[in-house]
Amino acid sequence: DAGITQSPRHKVTETGTPVTLRCHQTENHRYMYWYRQDPGHGLRLIHYSYGVKDTDKGEVSDGYSVSRSKTEDFLLTLESATSSQTSVYFCAISERTSGGLLQETQYFGPGTRLLVL
Amino acid sequence: QKEVEQDPGPLSVPEGAIVSLNCTYSNSAFQYFMWYRQYSRKGPELLMYTYSSGNKEDGRFTAQVDKSSKYISLFIRDSQPSDSATYLCAIGILNDMRFGAGTRLTVKP
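So the sequence lines, in the order shown, correspond to chains X and R. Quick note: the first sequence, position 89, residue 89 per our numbering, numbers continuous. Quick note: the second sequence, position 10, residue 10 per our numbering, numbers continuous.
Honestly, I wouldn't trust all of these hints.
In silico contact screen, one side only, chain X against chain R (beta carbon under 7 Å); selected entries [claimed, not checked]: (1) Gly-40; (2) Gly-42; (3) Leu-43; (4) Tyr-48; (5) Phe-90; (6) Glu-104; (7) Thr-105; (8) Phe-108; (9) Gly-109; (10) Pro-110; (11) Gly-111.
Since the hints were derived computationally from the structure, they do not count as laboratory data. Idealized CB from N, CA, C, for every residue including glycine.
Pulled out of the complex, with its shape left as it was, chain R reads as follows (with noise of 0.2 Å):
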């Protein structure tokens, strides 16, 4: 069983959708949790990052953390067609950062 796991998708969507991005984790010690939003042939671009329970905001990403459940997501409000892209997400602790292997989301106009 992998560390990180992650829904592999594809998901598709219709502009203006809610868009919800999960990974779960096994090892309860990993406290950064982190969203990078990777479009195709390119570097993984940081999206949001938390390192406690609870949602943090950011324009149209909320990121939500669970350390009871070891549950974290990621919800796209009124997703727009440039959200189109590989999510990924990334937990663990300094130096051994464990990515899950993304989701890719395609939103349709």
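Chain X on its own, in the form it takes in the complex (with noise of 0.2 Å):
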């Protein structure tokens, strides 16, 4: 899993409640991001991050936020969970250039599966 690691792995919590998942990098990439994974739809883009403390909104952003003040971890925050956010959710990380090539390429997480009650 390119160096990519989740917590936690699973977790089942209440509608209200706020949850925190974290993806830690040892890759030393510059991009991280955070997808969210349901049946019939794909990977969906949340948030990502293009440095510390630089972050931006994805195609299904609202209800969550980020933050980044290391550049080997990326948090995602529901503040308050609801049903609609159980879902499978992804890190994933990229490097903008290899040999001078710019590319686009990313490398996933293992996920959290999330369950809301």
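Reassemble the complex: the two chains are provided individually, in unrelated frames, and hints are given to aid placement.
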């Protein structure tokens, strides 16, 4: 999984409670992403980061916030979890250039299964 | 209409068959094209990536991009039971990759 870990790997929580998921990388890659994966929808981008303290919204950002205080860590927070946020969450990392070639290849972590009751 | 459409399958083939997986997209600005393999309860694993029209080959895998038709394909030759997985296409631009919903493939011994 390209030096990417996610924690926790599984979590069950109740509606209305805050939840924080952590992504940690050992690759020193600049770009980090949070996706959610749901049946029939594929992977959808929630937020991404292009450096420490630099983040931006993705396709499905409502109800989520992120923070990146260190290169290696990217946190995803659900301020008040809802049942519609039950999903599998994946973190991904990428580095833009390899041998001078601009690229957008992303490497994914193992995922976090979140169930909101 | 989704920006990336992928044949949902499921697809079941005998061992040794040639497999063809396809995606179409709607945004002509998309310039990065990738295929990922995802085993059950695992993260997606990058298989192939390309940034131009044409074919790219890597072992038993060939990725094909036709920008004029907005159509990409992944071919798997001599398919093996270990190829049984869900295959995701990813198409997009920097910081905005769009993923297909995935095609579930089963290769039977």
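Against the structure, the hints come out as follows:
| no. | hint | result |
| --- | --- | --- |
| 1 | Gly-40 | holds (6 Å) |
| 2 | Gly-42 | holds (4 Å) |
| 3 | Leu-43 | holds (4 Å) |
| 4 | Tyr-48 | holds (6 Å) |
| 5 | Phe-90 | holds (6 Å) |
| 6 | Glu-104 | holds (5 Å) |
| 7 | Thr-105 | holds (5 Å) |
| 8 | Phe-108 | holds (4 Å) |
| 9 | Gly-109 | holds (5 Å) |
| 10 | Pro-110 | holds (5 Å) |
| 11 | Gly-111 | holds (5 Å) |
In summary, this structure violates none of the numbered hints.
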